[in-house]
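Residue numbers (full-length UniProt numbering), protein chains in the order written: chain A, 1 to 155; chain B, 1 to 305.
Hints were generated in silico from the structure; no laboratory data involved.
It should be emphasised that the depicted structure is a prediction, and the values quoted were computed from it without experimental measurement.
Just to be clear, a hint being listed does not mean it is correct.
Said to hold, decoys possible - In silico DSS-like pairs for lysine-lysine, Cα to Cα no more than 25 Å straight-line:
no., chain 1, residue 1, chain 2, residue 2
1, A, K41, A, K29
2, B, K86, A, K99
3, B, K73, B, K293
4, B, K159, A, K154
5, A, K146, B, K159
6, A, K126, A, K143
7, A, K143, B, K159
8, B, K86, A, K154
9, B, K159, B, K86
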Amino acid sequence: MASRLLWASRAASCLRISVSHRGFSTVLKDFKYCDSHEWVKVEGSSATVGITDHAQDHLGDVVYVELPEVGTPVTQGEGFGAVESVKATSDINSPVSGKVVEVNEELNNAPGLINSSPYEKGWIIKVEISDAGQLNSLMDADKYSKFCEEEDAKH
Amino acid sequence: MVPAAISTSPSVTSCPSRRLSQRKSQSYCRTVSTMSNHVSKSTLSVSVNSIADPDSRTCECFDLHNELVPYGKAWAWQKELVRQKKASIQSGGDCPDTLIVLQHQPVYTMGTGSSEEYLNFDTKNAPFDVHRTERGGEVTYHGPGQLVMYPIINLRNHKMDLHWYLRSLEEVVLRALLSAFSIKASRLEGFTGVWVGDEKLAAIGIRVSQWIAYHGLALNVTADLTPFQWIIPCGLRNRRVGSIKGILREAYSSINCGYVDVLIPGECHLVDIACDALIEAFAEVFQLEVCRKPLTEAFLMGKSF
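Using the sequences and the hints given, assemble the complete structure.
The structure is reproduced here in structure tokens:
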């Protein structure tokens, strides 16, 4: 088990992923995070949004994703969709304000992508950001890792 | 296919509203010992203190268990309460939790990802209203004789863990069934809800928005279960739906008791007992001091929707 952990940590550092020592919740270094456990990857004025590994782990198997329509405005901190896992549906909140330009239709057929690939294939929406300054209020990878640890420790 | 004879008159009409007595919930059916040989022990326990903490938070309770509330009204009321709580939290304040207990007129409700394949009728020609809601879970039926509990609680003040919350709601029902009726119900791993054997007595489905949870649970007490036959309840094809009344009747019949109808209390009384037990168990499991609010306040709120 120890050697597997070591291998995983080495692989993780090659991929520039920091591995939390509690239960393997991954956090990607170049992404930004908010305290409701969504991530955002910014590329110019476009942002891709999803929920984090920590969030999907706590949710359990995602059975349904409620997606917004393309063109819907989103506001930082407010819900734009929902994920359902075993009798509980929870809001997904947008880390940024802007307009939805693309949604991941794959999630209609394969909601489990959020569990298996929360940062890649499980992306949820792409947003044209209206206020780049909002990114400053989000957490970086290290801060988010610490936030998760503190949250888990409380409960 | 629409069933031929649809009785919309509830088997339990609105009981003459009575003031809630101060009596403790009676533990009924002492003569009925183990309810079922095939009830599996609850495999998932929730660690809670059994004695209320003197510093426990308060929860306002609107007890409308003798009222048949239209689904739409209750739904709008919940959403308004959620909105108020969010606003309160946003402005830096806090908010007490709220508990609503009521019965509904006959209605089907569906969850966010619910499939219409679990309806045995065409939605354009449905036997009752069908509401597609924002809760989790598949289709279910609500109607007279079924107690519905809507806790609207801020999980930030409890545990920010949806699984814990679902297990806790199950725990509320498990404790109520045991304390009031000596029914040893159980969980079924992988199937949220409360079961006696392969019969589901209570269904659960929730929505969480910024850690405010709403929707809740429904426990069949004396409900006519026929409307469940017109759906695949909760999307589970090989399971049945049960009720407290059904379990009690079965238990008495199995001990060859010829006086089943005399010994089981009247339907209104069963509902009263179940309601008191649920509220008491809720207070215990969530470590809340439940403060019952006058019905007039509830109706005033309801009238604005």
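Tested hints:
1. Among the hinted pairs, K41 of chain A with K29 of chain A is consistent with the structure: their alpha-carbon atoms are about 10 Å apart, no more than 25 Å.
2. Note on K86 of chain B and K99 of chain A: the hinted pairing holds, with a Cα-Cα distance of about 24 Å set against a maximum of 25 Å.
3. Distance restraint check for K73 of chain B and K293 of chain B: the Cα-Cα separation of roughly 18 Å lies within the 25 Å cut-off, and the hinted pair is therefore satisfied.
4. Annotation: proposed proximity of K159 of chain B to K154 of chain A holds, straight-line Cα distance about 9 Å (limit 25 Å).
5. Of the supplied pair hints, the one linking K146 of chain A and K159 of chain B holds, its CA atoms being roughly 18 Å apart against a limit of 25 Å.
6. A threshold of 25 Å between alpha carbons decides the hint, and for K126 of chain A with K143 of chain A the separation of about 24 Å falls inside it, so the pair holds.
7. For the suggested pair K143 of chain A and K159 of chain B, the alpha carbons sit about 22 Å apart, so the restraint of at most 25 Å is met.
8. Proximity of K86 of chain B to K154 of chain A is assessed by CA-CA distance (about 22 Å); at most 25 Å being required, the pair is judged to hold.
9. Note on K159 of chain B and K86 of chain B: the hinted pairing holds, with a Cα-Cα distance of about 17 Å set against a maximum of 25 Å.
Of the numbered hints listed earlier, not one is contradicted by the structure.
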